[in-house]
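Asker: As a plain string of letters, each chain reads:
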Amino acid sequence: MNTDQAPLGERVDLLVNMGPQHPSTHGVFRMVLSLEGERIIDCVPHIGYLHRGSERLCEGENYSQIITLFDRLDYISNINNEQCFVMAVEKLMGVQVPPRAEYVRVILSELNRIASHMLFYGTFAIDAGAMTPIMIGFRDRELIQALFESVTGARMMHNYLRIGGVKEDVPEWFKLDLGRLLDQLRAGFREAEDLLNGSDVFLERTMGVGILPAEAALDYGVTGPALRASGVGYDVRRAEPYSVYPELEFDIPVGKVGDCYDRYWVRMREVEQSLRIVEQCLERLPEGPIMGKAPRLIRPPKGEVYVRTENPRGELGVYLVSQGGSGYPYRVKIRGPSFCNLMALRQLLRGVYVADSVVILGSLDIVLGEVDR
Amino acid sequence: MAREPQTRAETSSSPLEPRVREALGQRLQELSYSFDEMVLRIPREEMVECCRLLKTTPGLDFKLLRCLSVVDYVDFMEVVYHLSSLSHPHKVTLKARLPAEDLRVPTVTTVWKGADWHEREGHDLFGVLFEGHPDLSPLLLYEGFEGYPGRKSYPMPEQRELYGE
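Protein sequences appear in the order of chains A and B.
For the first sequence, the working numbering assigns the number 1 to the initial residue and increments by one for each residue that follows.
For the second sequence, the working numbering assigns the number 1001 to the initial residue and increments by one for each residue that follows.
Among the hints, a few may not be true.
[Stated by the list, open to error] With a Cα cut of at most 20 Å, we get these calculated EDC-like pairs of lysine to aspartate or glutamate:
(1) B:Lys1152 with A:Glu59
(2) B:Lys1055 with B:Glu1045
(3) A:Lys91 with B:Asp1036
(4) B:Lys1063 with A:Asp219
(5) B:Lys1055 with A:Asp194
(6) B:Lys1091 with B:Glu1037
(7) B:Lys1091 with B:Glu1017
(8) B:Lys1063 with A:Glu215
(9) B:Lys1055 with B:Glu1017
(10) B:Lys1113 with A:Glu287
(11) B:Lys1091 with A:Asp219
(12) B:Lys1113 with B:Asp1135
(13) B:Lys1095 with B:Asp1061
(14) A:Lys302 with B:Asp1061
(15) B:Lys1095 with B:Glu1143
(16) B:Lys1152 with A:Glu283
(17) B:Lys1063 with B:Glu1022
(18) B:Lys1152 with A:Asp219
(19) B:Lys1091 with B:Glu1022
(20) B:Lys1091 with B:Asp1075
(21) B:Lys1091 with A:Glu215
(22) A:Lys302 with B:Asp1036
(23) A:Lys302 with B:Glu1078
(24) B:Lys1095 with B:Glu1037
(25) A:Lys91 with B:Glu1037
(26) B:Lys1055 with B:Glu1022
(27) B:Lys1095 with B:Asp1135
(28) A:Lys302 with A:Glu149
(29) B:Lys1113 with A:Asp219
(30) A:Lys256 with A:Glu204
(31) B:Lys1055 with B:Glu1037
(32) A:Lys175 with A:Glu59
(33) A:Lys175 with A:Glu287
(34) B:Lys1091 with A:Asp42
(35) B:Lys1113 with B:Glu1101
(36) B:Lys1055 with A:Asp219
(37) B:Lys1113 with A:Glu240
(38) A:Lys167 with A:Glu149
(39) A:Lys302 with B:Asp1135
(40) B:Lys1063 with A:Glu240
In short, the hints are calculated from the structure, not lab data.
With the hints as constraints, model all of the structure from the sequences given.
Answerer: Set out below in structure tokens:
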């Protein structure tokens, strides 16, 4: 079946092929737009250009090696991915994680969320025609990457979390460094937000564009900031708290309209909340061991778990099936948030102008590494 | 050799159980627990109806299809649906078994539109035929790709040799 064909009975003036090398598709994503004048009457998304068979690869790696594969799914928020996988194995094996390790994990994953949202407002502003915010976003994101490097040894592919804890303790100067970093991040974030909110062009191009009603969002399985922007206050950290989130105070920002501006607004508020979480964790960071009692050879018993965590893009789920007695998982299914969020694109793009398609796609904030797996 | 997954019962029952039993009635084959998840086994012909009931019955409201996975157990395959409700703090797992020689299951895209790409992926990688799906063209693989790389029978590169088992 040729999916490139436009629906019958409608006038199609032009088929526009966007991607996979188009800069505004944020990776190797392709969509075929059927246009009537300047209006999009249908959009057919094509994914799979980055398909590496991650799920099948997991079946041939032992549990500790799989952590590195999870780094490469959503390559903007690596720690969040690692956390989801190690939590799945820990749940299956009943391993207890010491509090210090839990706090370090949460600090790093919230920092990663901030870094991810910084990249988002930068690229989103470019999509809407503003060049400056990405300079600020990238400058500040670099500070976070530098901190990650001092802790994990790598800027992006950290491989820092372990089943039962973390690889090694944070350096002595971590607390001091992080305290200073938070001030810098807050200042930079304000600078960028002032720039964007003061730009009439940005507001005109995002407000009222690409409205996603809550019902439709749920129907498509959209989660994360995109769902919250539509007015549904669903956050895995609240709905099914994990790690140390129950002890922390934070709000779940919820949008009203569900347009591109709301999706941007929710993410900006989330940066503030993440900064709040990191601050609290820093105050409470307990002393103690960083590794729980996990066996050296990871061989979970027979069973299956589905674990979900809140990624910067939405709910990341790992369905892990173990046959017992083996060092390799039997099946790993990864439910990527971008994969599900992207399904709503077709409905969002129907009836809008071509120029808005770039903004709408940008507001969904997809990472193709996770869509294609 | 039938390799069947076994789940460890941790919670004996939950307040959700009677309501689910009432809603599904005779369609429910087996109810078990795996950690905090309630697992329901359902014959594949009844899958769409069960999903619709779970989604629309007041008090259950499983509005969100979180994940749809296919697992290859060599002798048979299993389609696993993870559902959750936003208005209530509960979740449920549905399972349908497909014999290896007859990999057909009705589509649930009529219940949740979000099942669309999950099912296409299952068709792509495992060769499961989701009957009634509007468009099962390749999603992750390129057109003309031969074989089903998700299946256990699909040969992998000499990975084990490389790492030494």
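Asker: So, for every hint listed, does it hold in this structure?
Answerer: Structure-based check of each hint:
Distance hint between Lys1152 of chain B and Glu59 of chain A is fulfilled; the C-alpha atoms sit about 9 Å from each other, no more than 20 Å. At most 20 Å may separate the alpha-carbon atoms for a hinted pair to count; Lys1055 of chain B and Glu1045 of chain B meet this at roughly 17 Å. With a C-alpha separation of about 10 Å, the suggested pair Lys91 of chain A and Asp1036 of chain B falls inside the 20 Å cut-off, and the hint holds. About 7 Å separates the Cα atoms of Lys1063 of chain B and Asp219 of chain A, which keeps this hinted pair within 20 Å; it holds.
The suggested pairing of Lys1055 of chain B with Asp194 of chain A is violated, with an alpha-carbon distance near 43 Å, which exceeds 20 Å. Restraint check for Lys1091 of chain B and Glu1037 of chain B: the C-alpha separation of about 7 Å stays at or below 20 Å, so the hint holds. Distance restraint check for Lys1091 of chain B and Glu1017 of chain B: the Cα-Cα separation of roughly 11 Å lies within the 20 Å cut-off, and the hinted pair is therefore satisfied. Distance check on the hinted pair: Lys1063 of chain B and Glu215 of chain A sit about 9 Å apart at the alpha-carbon level, within 20 Å; holds.
With a C-alpha separation of about 15 Å, the suggested pairing of Lys1055 of chain B with Glu1017 of chain B holds against the 20 Å cut-off. Between the alpha carbons of Lys1113 of chain B and Glu287 of chain A the distance comes to roughly 48 Å, so the proposed pair goes past 20 Å and is violated. Taking the CA atoms of Lys1091 of chain B and Asp219 of chain A, the gap is about 16 Å. The hint holds against a cut of 20 Å. A hinted pair counts as satisfied when its Cα atoms are at most 20 Å apart, and Lys1113 of chain B with Asp1135 of chain B qualifies at roughly 13 Å.
Note on Lys1095 of chain B and Asp1061 of chain B: the hinted pairing holds, with a Cα-Cα distance of about 18 Å set against a maximum of 20 Å. With a CA separation close to 31 Å, the supplied pair Lys302 of chain A and Asp1061 of chain B exceeds the 20 Å bound. The straight-line distance between the Cα atoms of Lys1095 of chain B and Glu1143 of chain B is roughly 30 Å, outside the 20 Å bound, and the hint therefore fails. Simply put, Lys1152 of chain B and Glu283 of chain A have alpha-carbon atoms about 49 Å apart, too far for the 20 Å limit, and the pair is violated.
Between the alpha carbons of Lys1063 of chain B and Glu1022 of chain B the distance comes to roughly 19 Å, so the proposed pair stays at or under 20 Å and holds. Taken as a hint, the Lys1152 of chain B and Asp219 of chain A pair is broken in the structure, with Cα atoms around 32 Å apart against an allowance of 20 Å. For a cut-off of 20 Å, the pair hint linking Lys1091 of chain B to Glu1022 of chain B stands: about 16 Å separates their Cα positions. The hinted pair formed by Lys1091 of chain B and Asp1075 of chain B fails the criterion: a straight-line CA distance of about 28 Å is larger than 20 Å.
Annotation: proposed proximity of Lys1091 of chain B to Glu215 of chain A holds, straight-line Cα distance about 19 Å (limit 20 Å). Straight-line distance between C-alpha atoms of Lys302 of chain A and Asp1036 of chain B comes to about 16 Å, which keeps the hinted pair within the 20 Å bound. For the given pair, Lys302 of chain A sits about 16 Å from Glu1078 of chain B by alpha-carbon distance, which is consistent with the 20 Å threshold. For a cut-off of 20 Å, the pair hint linking Lys1095 of chain B to Glu1037 of chain B stands: about 12 Å separates their Cα positions.
Our distance criterion of 20 Å between C-alpha atoms is met by Lys91 of chain A and Glu1037 of chain B, whose separation comes to about 12 Å. Distance check on the hinted pair: Lys1055 of chain B and Glu1022 of chain B sit about 14 Å apart at the alpha-carbon level, within 20 Å; holds. Taking the CA atoms of Lys1095 of chain B and Asp1135 of chain B, the gap is near 23 Å; set against the 20 Å cutoff, the hint is violated. Pair hint Lys302 of chain A plus Glu149 of chain A does not hold up; C-alpha atoms about 37 Å apart against a cutoff of 20 Å.
Of the pairs offered as hints, the one joining Lys1113 of chain B and Asp219 of chain A holds, with about 6 Å between alpha carbons and a cut-off of 20 Å not exceeded. Pair hint Lys256 of chain A plus Glu204 of chain A holds up; C-alpha atoms about 17 Å apart against a cutoff of 20 Å. With a CA separation close to 17 Å, the supplied pair Lys1055 of chain B and Glu1037 of chain B stays within the 20 Å bound. Distance restraint check for Lys175 of chain A and Glu59 of chain A: the Cα-Cα separation of roughly 38 Å exceeds the 20 Å cut-off, and the hinted pair is therefore not satisfied.
Taking the CA atoms of Lys175 of chain A and Glu287 of chain A, the gap is near 12 Å; set against the 20 Å cutoff, the hint holds. The straight-line distance between the Cα atoms of Lys1091 of chain B and Asp42 of chain A is roughly 35 Å, outside the 20 Å bound, and the hint therefore fails. Taking the CA atoms of Lys1113 of chain B and Glu1101 of chain B, the gap is about 28 Å. The hint is violated against a cut of 20 Å. Between Lys1055 of chain B and Asp219 of chain A, the direct Cα distance comes to roughly 11 Å. Compliance with the 20 Å bound is thereby established for this hinted pair.
Restraint check: the Cα-Cα separation between Lys1113 of chain B and Glu240 of chain A comes to about 24 Å, which exceeds 20 Å; the hinted pair is violated. Distance hint between Lys167 of chain A and Glu149 of chain A is fulfilled; the C-alpha atoms sit about 13 Å from each other, no more than 20 Å. Pair hint Lys302 of chain A plus Asp1135 of chain B does not hold up; C-alpha atoms about 36 Å apart against a cutoff of 20 Å. For the suggested pair Lys1063 of chain B and Glu240 of chain A, the alpha carbons sit about 16 Å apart, so the restraint of at most 20 Å is met.
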